[in-house]
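Below are the chains, spelled out letter by letter.
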Amino acid sequence: MKKIAIFFVLAVMTASIFAGCGQKSDSGTVSTDGSTSMEKVIGALGEAFEQEYDSVTFTYNPTGSGTGIQAVSEGRCDIGLSSRNLKDEEKEQGLSETVLAYDGIAVIVNPENDVSDLSVEDIAKIYKGEITNWKDVGGKDGEIVPIGREAGSGTRDGFESITKTEDACKYHQELTSTGDVITTVGGNPNAIGYASLASVSDSVKAVSVNGVTPSEETVKDGSYVVQRPFVLVTKEDKKLSGTAQKFFDYVTSSDASDIISKAGVVPAK
Amino acid sequence: MKNKKAFENMIHGIFLMLGLIAVGCVLLITVYLVIAGIPAIREIGLFKFLFGKTWESTSANPSYGILPFILTSIYGTAGAIIIGVPIGFLTAVYLSKIAPQKIKAAVGTAVSLLAGIPSVVYGLVGMLVLVPGIREIFHLADGASLLAAIIVLAIMILPSIIKVSVTALDAVPKEYEDASLALGATPVETYFKVSVPAAKSGIAAAVVLGIGRAIGEAMAVMMVSGNVANMPGLFQSVRFLTTAVASEMSYSSGLQRQALFSIALVLFLFIMLINATLNFFLKGKKGD
Numbered sequence: 001m002k003k004i005a006i007f008f009v010l011a012v013m014t015a016s017i018f019a020g021c022g023q024k025s026d027s028g029t030v031s032t033d034g035s036t037s038m039e040k041v042i043g044a045l046g047e048a049f050e051q052e053y054d055s056v057t058f059t060y061n062p063t064g065s066g067t068g069i070q071a072v073s074e075g076r077c078d079i080g081l082s083s084r085n086l087k088d089e090e091k092e093q094g095l096s097e098t099v100l101a102y103d104g105i106a107v108i109v110n111p112e113n114d115v116s117d118l119s120v121e122d123i124a125k126i127y128k129g130e131i132t133n134w135k136d137v138g139g140k141d142g143e144i145v146p147i148g149r150e151a152g153s154g155t156r157d158g159f160e161s162i163t164k165t166e167d168a169c170k171y172h173q174e175l176t177s178t179g180d181v182i183t184t185v186g187g188n189p190n191a192i193g194y195a196s197l198a199s200v201s202d203s204v205k206a207v208s209v210n211g212v213t214p215s216e217e218t219v220k221d222g223s224y225v226v227q228r229p230f231v232l233v234t235k236e237d238k239k240l241s242g243t244a245q246k247f248f249d250y251v252t253s254s255d256a257s258d259i260i261s262k263a264g265v266v267p268a269k
Numbered sequence: 001m002k003n004k005k006a007f008e009n010m011i012h013g014i015f016l017m018l019g020l021i022a023v024g025c026v027l028l029i030t031v032y033l034v035i036a037g038i039p040a041i042r043e044i045g046l047f048k049f050l051f052g053k054t055w056e057s058t059s060a061n062p063s064y065g066i067l068p069f070i071l072t073s074i075y076g077t078a079g080a081i082i083i084g085v086p087i088g089f090l091t092a093v094y095l096s097k098i099a100p101q102k103i104k105a106a107v108g109t110a111v112s113l114l115a116g117i118p119s120v121v122y123g124l125v126g127m128l129v130l131v132p133g134i135r136e137i138f139h140l141a142d143g144a145s146l147l148a149a150i151i152v153l154a155i156m157i158l159p160s161i162i163k164v165s166v167t168a169l170d171a172v173p174k175e176y177e178d179a180s181l182a183l184g185a186t187p188v189e190t191y192f193k194v195s196v197p198a199a200k201s202g203i204a205a206a207v208v209l210g211i212g213r214a215i216g217e218a219m220a221v222m223m224v225s226g227n228v229a230n231m232p233g234l235f236q237s238v239r240f241l242t243t244a245v246a247s248e249m250s251y252s253s254g255l256q257r258q259a260l261f262s263i264a265l266v267l268f269l270f271i272m273l274i275n276a277t278l279n280f281f282l283k284g285k286k287g288d
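Chains as they are written, first to last, in my numbering: chain A, 1 to 269; chain B, 1 to 288.
These are calculated hints, taken from the structure and not from any lab test. Please note that a few of the clues may not be correct.
Calculated cross-link-like contacts (lysine-lysine; reagent style PhoX-like; alpha-carbon spacing at most 25 angstroms) [unchecked claim]:
hint, chain 1, residue 1, chain 2, residue 2
1, B, Lys53, A, Lys170
2, A, Lys128, B, Lys283
3, A, Lys170, B, Lys48
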């Protein structure tokens, strides 16, 4: 009996690992696949969608933007999720993009820090360890302490891809939540960190980048550059299933804006 | 009569099942960890995995070497023991042998309270007080370091060391001490030459218990140690075996996730080793 019980629990655990793979898009379900960074926002939307409509099932397979785009072009999911714009050759394959939201990432320093503006190049150099003292970027003398997020975090992925510092960052601390980053930067006059724009509080100072102050407006109009789009990818020649279309309409409606903002990103609508 | 017997049997059956739950959990976790942990080790290579010095799980050319984590866990635990054991041991001697009843009760309550504080609270206080403190005292750019983790761990293991040692010291028969005093030894001589040796297996068990607590702690350590996969240094930002699993688990995928299971397996083996040592000491105690 024990063996059976163990087997059963093991089976459930194994199944839960593989859950989310290879769902077929029959009626009543909508399957999404792609960017891990969009986990929070798409999860919140999926939950709200399931509450709004009875007997629909929403699935999300966190694989990465590239895989998500490929999955939708091969018809393995209804909607692909990408945290970058489609490339021209991807558009030529008959894929179309709809921007769901913009993910603005604020670069934050301690309020005591004199520095209030940094260029993207300087930020990249600071994180790569090429600039190590605040006086080199117009601040007081003091060793810069770069704070970041753990490997695999969507914010880290976004920050590193925008500043082109992938795999080159020399962090002094890798923290596991936005709150930790803000607390740590708020407590150390020499620290610099990054956090999703929506969660920046008064205990830290968000610097302007290339002279543009981060805000919802500057993220939306594109003048604040430390940002990236969250894109829904669909196939042009293939009509979405009924449920998937409903989901698509739901998340792009203005009703969904609140949910999107709550997930920490700027809604496109 | 028959009814009664059936009832008895039923109760026995229920108790047996409840007893098997714990055993089943241990078996399940062990089996699952081994099954989940082996594939990544096989893919990466045992030597490369255990002795590789770089951990870059998400880079374009990922490398999965956990030597920094293993060494950090060992150094961190050793540091906590070096600071925590003398304090805990001497506190236990004082509480058990010297302290007046009132003080013993008051300190005992405080120690129990210390044991009951959730580790996230230790981490929070460490993050807000200890880390900036270390930064100021040692004139560092940042205080999140192995040292901060060691101090937090040392405080966290105090309750288990004190409590188990006090129990062991209290259990020393009073006749031993009386005999020693009657032979002309001073009280302090008696405590350290008679009581402590008589309680040594219990005290050893306390230390091992402390090691187990220190090596398995994740939350508090994660908040003060900085979590960068550096080779350990006292003022370096470091990552422990526990925090390596905890910090990357939520977004991990593929080989990275499997490697995290492998780290958990290594940690599990460490804990098993410590438990075996603990059992060894406790059995020794019975033989005395």
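Structure-based check of all given hints:
1. Lys53/B with Lys170/A: It holds: about 16 angstroms lies between the C-alpha atoms, which stays within 25 angstroms.
2. Lys128/A with Lys283/B: violated, 54 angstroms
3. Lys170/A with Lys48/B: holds, 23 angstroms
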